[in-house]
Amino acid sequence: MGDNEDDYTGRLRVLGGLIVLIIAVLIGRAGYLQVYEGEYYASLADGNRIRIIPASAPRGTFYDRNGELLVTNRPGFTVSLLPLTAPISDDVKQRISDLVHVPVEEINEKIAAHNGFNPIRIKSDVTPDIVSIIEEQKDNYPGVVIEVQPIRDYIYKQQGAHTFGYVSEINDEELAKKKDEGYKSGDIIGKFGLEKVYDKELRGADGGEQVEVDVSGKPVAILGRKDPVPGDDLVLTIDKNLQLAAEKAVDEQLAQIHASAAAAVVMNPQTGEILAMVSRPAFDPNAFAHGISTKYWNQLNTNPFHPMDNKTITGEYPPGSTFKIVTGTAALTEGVVTPEEKILDTGHHWIIPKGNSEGEALGWINFREALAHSDNVYFYEMGNRLGIDRLEKYARMFGLGARTGIDLPYEADGLVANRRYKEKNFEDGEWYLSETFDAAIGQGFNLVTPLQAAMVMSQIAADGKRYKPHLVNRIVAPDGSTVKEFEPELLSKLDVPENVIKLVQDGLHDVTKYGTAASSFRGFNIDIAGKTGTAENSHGRDHGWFVAYGPFDNPNIVVAVIVEQGGFGSQSAVPIGRKILEAAFGVAQPQDEKADK
Amino acid sequence: MNKKYLKRLDFTLLIATVGILCMSLIIIGSATHINTPSDERYWYVQRQGLFALANIALAAFLMNFDYKMLQGYGNKLYIFNIVLLLAVMIFGHSALGAQRWIMLGPISIQPSEFSKLIMIISLATVLNDKVGKINDLHDLMPIALYVGVPFLLVLKQPDLGTSLVFMAIFFGMIFACGVNLKLLGGIFGAGIAMLPVLWHFLKDYQKMRIMVFMDPNVDPLGSGYHIIQSKIAIGSGMLFGKGLFAGTQSQLNFLPENHTDFIFAVVGEELGFVGVTFLLLLYLVVLWRGIQIAREASDTFGRLLAVGITSMLAFHVLVNVGMTMGIMPVTGIPLPLMSYGVSSLTTNIMSIAILMNIQLRKKQLSF
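First to last, the sequence lines map onto chains P and V.
Read in my numbering, the first sequence has 415 at position 415, and its numbers run on one by one without any break.
Read in my numbering, the second sequence has 915 at position 318, and its numbers run on one by one without any break.
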């Protein structure tokens with residue numbers, strides 16, 4: 001038995017060694033996981049249990065110049081899913097689907113498309129009863145959270161829509177561009193109008209709650225919270241009452257003359273402040289706040305009059321007779337005509353047989369009379385005497401052919417008729433006299449936006465001074481302190497003698513006294529200077545223009561109105577302009593004018 | 598119990614065993630109290646504790662009997678084992694894709710747990726007169742067949758883990774029985790060569806477990822989930838652990854089976870590397886004593902019994918702990934004396950009791 005005994009002892013020692021080895025390997029492995037890679041696994045454990053439920057910062061609100069609320073936020077609740085370690089059960093998905101009426105397939109798509117740790121938004125702007133069902137039956141809805149997301153509320157709906165703009169969820173392209181500025185997927189971002197231009201100031205800083213969740217996604221503890229910081233408010237230059245009056249005036253006139261599109265700008269020529277801006281047709285920016293319906297989107301996109309365009313800054317129209325302000329200023333300044341010189345209007349010009357629109361002949365007329373009656377023959381001759389190059393110079397002096405610099409996106413340049421443009425864009429690049437004639441009365445190549453038309457009038461009203469048009473007076477922090485104040489910014493001054501401006505002013509004054517807009521302004525108790533215009537439109541009826549300022553002696557209001565395919569400016573645009581001026585000056589009804597002296 | 602014996606009781610083994618049992622009760626409490634209704638918050642702990650006490654009392658009583666008596670029951674126990682395993686197949690209660698349980702009143706028992714210890718006793722009986730006599734296949738075949746029948750019955754349940762434990766016991770015991778080393782080497786060689794064939798006999802979920810063992814990320818939300826979450830639990834415990842009852846993986850249910858098969862991960866998470874090392878050292882003490890008791894046993898039967906028990910326990914520790922740390926495949930075998938489960942607890946306490954019984958009646962040296 002001795003042999004066997006020895007054999008055993010040896011083999012048992014081997015077994016003992018094996019056991020020590022096993023324990024050593026296990027301790028070694030534990031050391032590797034816990035000490036060497038401990039930090040890594042600790043972060044994975046936190047990743048399992050910690051979720052962030054963001055709280056969106058309320059966007060800054062818009063006030064008008066008198067502190068009246070224009071755009072605000074209302075509380076909105078979004079049903080979201082927390083991204084979880086374990087898959088979300090089909091039962092839960094079905095229950096959510098039934099509650100918020102989103103198909104299970106759509107929920108699955110959203111889960112599949114999601115990455116990161118932010119909640120997966122299933123349905124936004126749900127009603128309070130859905131919120132209370134989810135809060136009360138937490139066990140039935142593990143992993144489902146309610147996010148508070150303020151929803152943009154444009155109180156006056158489509159009124160002022162083009163100026164205010166709209167907000168919507170950030171898209172991939174914007175995200176790629178703005179990732180460095182702290183924008184993240186799912187953010188609400190300004191897409192248009194002031195919302196876009198001032199997005200950074202308006203957005204504020206999102207906060208959130210850090211919660212501990214169990215494996216089913218049920219929050220079990222709040223680990224920390226950061227309150228969202230609301231965005232800064234904007235105090236606009238817009239006057240709410242004037243804006244609403246302008247909207248109303250445009251709508252009434254469009255309905256009356258069966259036209260569909262128009263634009264109007266009201267501004268203060270002494271500061272560049274925009275008081276009202278209207279563009280028709282319009283859209284309801286509320287529709288974008290939480291995902292626009294396909295139906296409404298299609299409706300907006302198929303409308304031939306492009307409701308999404310802000311026509312006051314992107315609509316480019318021939319200025320028509322409103323351009324005679326530029327031609328007249330140029331002619332007097334260059335001395336090609338004296339104020340007293342009379343020119344014979346026989347109904348058409350003697351070099352090129354172009355005439356007045358209705359073929360009437362005014363006989364011998366001087367500058368003031370020509371401007372008041374918008375005589376084409378007189379201004380053809382001015383064009384003839386000036387030549388296209390000097391016309392171009394003065395048009396540019398007024399700021400035409402370039403953006404005004406207003407704080408809105410997508411502004412158009414407009415176009416000043418000139419030789420280079422013709423050379424570049426036409427096979428027959430030679431410049432003809434008839435084209436100078438057309439340019440002199442604002443037809444042909446010339447294009448202006450309604451805002452540019454208003455700017456031309458503003459410079460006459462402000463004795464040649466051109467202020468940068470702007471929409472925001474102040475940016476105000478949530479605590480009420482002013483972050484930034486926008487002072488009037490003088491861009492340039494017309495390089496013309498004072499008396500020339502005075503002559504042009506007088507001519508424009510006569511327009512409402514006995515000229516083309518006289519019938520509409522009969523009995524108006526504030527002195528107004530104005531100019532009508534009719535822009536030829538090769539696609540349909542002519543567009544009607546009206547630009548004006550008042551009071552004549554101390555102007556603080558400039559109006560520019562265009563009615564697309566409205567025909568003569570005196571019939572389509574002037575009535576709108578008059579109503580806006582009524583509202584601006586608080587003039588009640590035309591009948592009441594006798595009360596004034 | 599005889600006072601003479603009491604002095605010779607293996608206190609080292611006793612203390613280590615009781616130490617593991619105490620840790621077990623604390624960790625089971627931590628792992629289960631959250632998900633149990635508040636009035637029964639410590640139901641699992643109480644139940645495990647009561648069974649532990651009952652088993653210890655029974656074991657103390659059984660100390661009065663000489664383990665050598667078991668030799669007489671070797672073959673009867675073997676038959677009983679086969680009947681029990683067949684009963685599982687016929688009346689068994691299935692869970693998790695395997696038929697492993699028999700309901701005995703309020704207690705569900707897992708016969709395959711007991712069958713391991715029974716197997717050790719039967720095999721020790723058979724091998725008792727074969728020391729140094731297993732030199733070729735002819736010698737080995739009858740023994741292999743003897744183990745093979747219950748082995749296949751367990752495999753059929755299917756309980757791959759337990760059947761592997763059978764193999765560990767078998768090899769441990771024939772090794773201690775002086776099997777020819779060349780023969781042993783040959784068997785291992787053939788076994789490795791046979792692996793691809795064995796693969797075909799595995800159930801799909803078993804194949805998946807093996808694949809997941811190679812790379813848990815094959816199926817991170819399915820079978821890989823356990824391993825990933827278990828490793829996160831252990832690793833995130835770091836040096837000192839997150840504190841008792843404070844393991845996020847365990848308390849928030851990211852870690853499944855946290856009071857049974859994956860209880861070691863709770864130790865790792867809540868008590869850290871320090872706690873893990875302490876527990877593994879307690880196991881080392883138990884296993885080391887097992888080997889010492891085998892060396893000092895007064896007869897071959899006792900020696901073989903001790904080796905069989907030690908092999909079984911060592912294999913359990915290796916596979917279970919290795920599994921929670923991602924170095925062993927998931928096979929569903931419990932951690933001895935730690936995992937919640939009456940059948941496993943009873944088997945393990947009785948196994949330790951037999952070791953102590955052998956120690957009590959060891960070779961008398963110089964007195």
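Hints may be right or wrong, so weigh each one.
Straight line, CA to CA, 25 Å or less: simulated DMTMM-like cross-link-like pairs of lysine to aspartate or glutamate [claimed, not checked]:
id, chain 1, residue 1, chain 2, residue 2
1, P, Lys218, V, Asp607
2, V, Lys665, V, Asp607
3, P, Lys138, P, Glu169
4, P, Lys157, P, Asp309
5, P, Lys218, P, Glu340
6, P, Lys218, V, Asp812
7, P, Lys393, P, Glu341
8, P, Lys493, P, Asp413
9, P, Lys468, P, Asp479
10, P, Lys502, P, Glu316
11, P, Lys502, V, Asp607
12, P, Lys218, V, Asp801
13, P, Lys191, P, Glu212
14, P, Lys184, P, Asp125
15, P, Lys138, V, Asp607
Note that these hints are calculated values from the structure, not bench results.
Just so we're clear, the structure is a prediction, and the values are computed from it rather than from any experiment.
Hint check results:
no., hint, verdict
1, Lys218(P) / Asp607(V), "violated (50 Å)"
2, Lys665(V) / Asp607(V), "holds (18 Å)"
3, Lys138(P) / Glu169(P), "violated (28 Å)"
4, Lys157(P) / Asp309(P), "holds (16 Å)"
5, Lys218(P) / Glu340(P), "violated (88 Å)"
6, Lys218(P) / Asp812(V), "violated (30 Å)"
7, Lys393(P) / Glu341(P), "holds (24 Å)"
8, Lys493(P) / Asp413(P), "holds (20 Å)"
9, Lys468(P) / Asp479(P), "violated (29 Å)"
10, Lys502(P) / Glu316(P), "violated (29 Å)"
11, Lys502(P) / Asp607(V), "violated (121 Å)"
12, Lys218(P) / Asp801(V), "violated (33 Å)"
13, Lys191(P) / Glu212(P), "violated (35 Å)"
14, Lys184(P) / Asp125(P), "holds (20 Å)"
15, Lys138(P) / Asp607(V), "violated (55 Å)"
Hints 1, 3, 5, 6, 9, 10, 11, 12, 13 and 15 from the list above are not met by this structure, while the remaining hints are.
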